[in-house]
Amino acid sequence: MSAIHTTHLDVHLGGAQILHDVSMRVNVGEVVAVMGANGSGKSTLLRACLGLLPSSSGQVHLLGQPLGPTVPWHKIGYVPQRTPQASGVPATAEEVVRTGLLSRRRWWVGRSGRQATVRALASVGMSRRRNQAWHELSGGQQQRVAIARALVRQPELLLLDEPMAGVDKPSQGVFADLLGELKAQRLTTVVVLHELGVLRPLIDRAVVIRRGRLVHDGDPPAAALGNDFPDHDHLHQDHGEYDVEPEPHQTTLP
Amino acid sequence: MTEGVSLWDQFTALLASPMTQRSLLAALIVGVAAPVIGTYLVQRRLSLLGDGIGHVALTGVALGWLVGAATGATDLEAYAVPGAMIAAVAGAIMIEVVRGRGQTSGDVALALLFYGGIAGGVVIIGIAGGTNANLMAYLFGSLATVSSGDLVVTLIMSAGILAVGLGLRTALFAVCQDEEFARSTGLPVRAMTILIAVVAALTVTVAMRVVGLLLVSALMIVPVAVAQLITSSFHRTMVLAMGIGAVVCVTGLTITFFHRLAPGAMIVVVAIGLYALVAIVRPLVQAPRHRRTRTEHAMPDDADLQPLTQEK
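Chains as they are written, first to last, in numbering that gives the first Met the number 0: chain A, 0 to 253; chain B, 0 to 311.
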């Protein structure tokens, strides 16, 4: 059984075809990077795999089941691309993580969820900040809370969309360590990335998407070869700011 | 001093009147219930949804009158509240469906519903043989004329709002906080967003009595706006907003016992006054907390990192 199996997947969004005939497989226990430039369709692929976007043709199987209610959704942990939240109602990190315990059948999380929530927050090094408001956290900390929200489900399949985007160095380190731990536990992981960076030793296989087509499926590009990517310059044009983006809170340090 | 005593005497005398008791009770119940659904609306950045539903409900009020006139009912008002409820629920579902379809045309569709609701209400009330004056009670509230029957309806509907809003709060919070993630968990997100809209419609219908359709959204949103100034958790925001809703409703109404002012508008003015007060006072009170936060940030980010223990 494959954790993810797509066959001839086409996705159209707003009249434009975003994905062309993508067939790929993620085996149980593998750590697979989905790579590509901004706008290449790598996030679209992840979201289509989860049924968050409709596919126009082709098929997706998750954990052996075709997309739909038969998929064991409670075994899947998803970390969406971080979107900066404008001011809504404040929520604490713990409240956000607790929602990870919900599922198709479970609409309520009582006190029983507290222990799991605290443990998940500890696993990303955020237990001391569990009562802090989500919007007061730095980008990297918010990302770690989002990962804890996916891990609290005790998933068999973890999908992360650009977990390193806009993330400070300490959080990047925490995240790489965490992914190493999860890999040791044979958690199947799919991570959308624009650069392998610190995660490179953990990646078993890389799938490269360019203009909506799968152009590479195999060994992750070697560190030096990383610059051989046809899209490499493009990546930096789009994402260069991440490397220099200051941590909002750290700028106020004495 | 003597004036204070006489005010108190006046107040206790008023409290003895069943009419006053009913209006106070209605204001209290609605004040507690309305911010519950308002918390979800603010979280979804749909603060104006209640307004839109309120506009649509006016057409429902007028349609109720029309039905009353057509069936020759003795009390033309009898169908107004059921009419408002049906129109509000239908309007809420319509708004939610339009929002779900696509974002680009949604804004215009909402505008059409808003203005169609008011214009339709005014035209239809004319057809039903009424005048705009008949709509005033619904537009601006009519706390003074709450009957025992009205009170029972208010109580039942508020109980329903509280049951859904509090009972499903973890799931509804998840849907409002991060819809994309909520969908990936398998939660029936679509059904839940429609549920929120429907409960918002019921809240509008209940609160119509207290503050009127034009100000209905204020009762749902302003207590939440005040609460979120001083809390950092969703749960506390909701609970505090319920308390604030109750206090401003009772305070606003009580003021109008002594001065002949419109209760609905007074309640909203009190709520917004409270918001202004809290917004001004908050920086003074919270200054020490901010200092503490900054020291926390000086510590290493991952100080409490522990080895991951994930059970498989």
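Because the hints were derived from the structure by calculation, they are not lab data. Since this is a predicted model, take the numbers as computed values, not measurements. Misleading hints may appear alongside valid ones.
Said to hold, decoys possible - Examples of chain A residues lying across from chain B (beta carbon under 8 Å, computed):
id, residue
1, L62
2, Y77
3, V95
4, Q131
As the list claims (entries may be wrong) - What follows is a set of in silico ranges between Cβ atoms, one per label pair, in the way DEER data are often shown:
id, chain 1, residue 1, chain 2, residue 2, range
5, B, R100, A, H134, 47 to 57 Å
6, A, R113, B, I271, 29 to 39 Å
7, A, P65, B, R100, 20 to 30 Å
8, A, T69, B, I193, 42 to 52 Å
9, A, G13, B, G128, 45 to 55 Å
10, A, R212, B, P282, 46 to 56 Å
11, B, I92, A, D20, 52 to 62 Å
12, A, A164, B, I193, 46 to 56 Å
13, B, I193, A, D216, 39 to 49 Å
14, A, R104, B, I126, 23 to 33 Å
15, A, N130, B, R100, 56 to 66 Å
16, B, F257, A, H134, 39 to 49 Å
17, B, R189, A, E135, 55 to 65 Å
To be verified - According to the in silico footprint, chain B covers these stretches of chain A (three or more CB under 8 Å from chain B):
id, region
18, 30 to 39
19, 208 to 219
Quick reminder that beta carbons are idealized off the backbone N, C-alpha and C, glycines included.
Check each numbered hint from earlier against the structure, then list the numbers of those it violates in ascending order. When the structure is compared with the hints, numbers 1, 5, 8, 11, 12, 14, 15, 17, 18 and 19 turn out to be violated.
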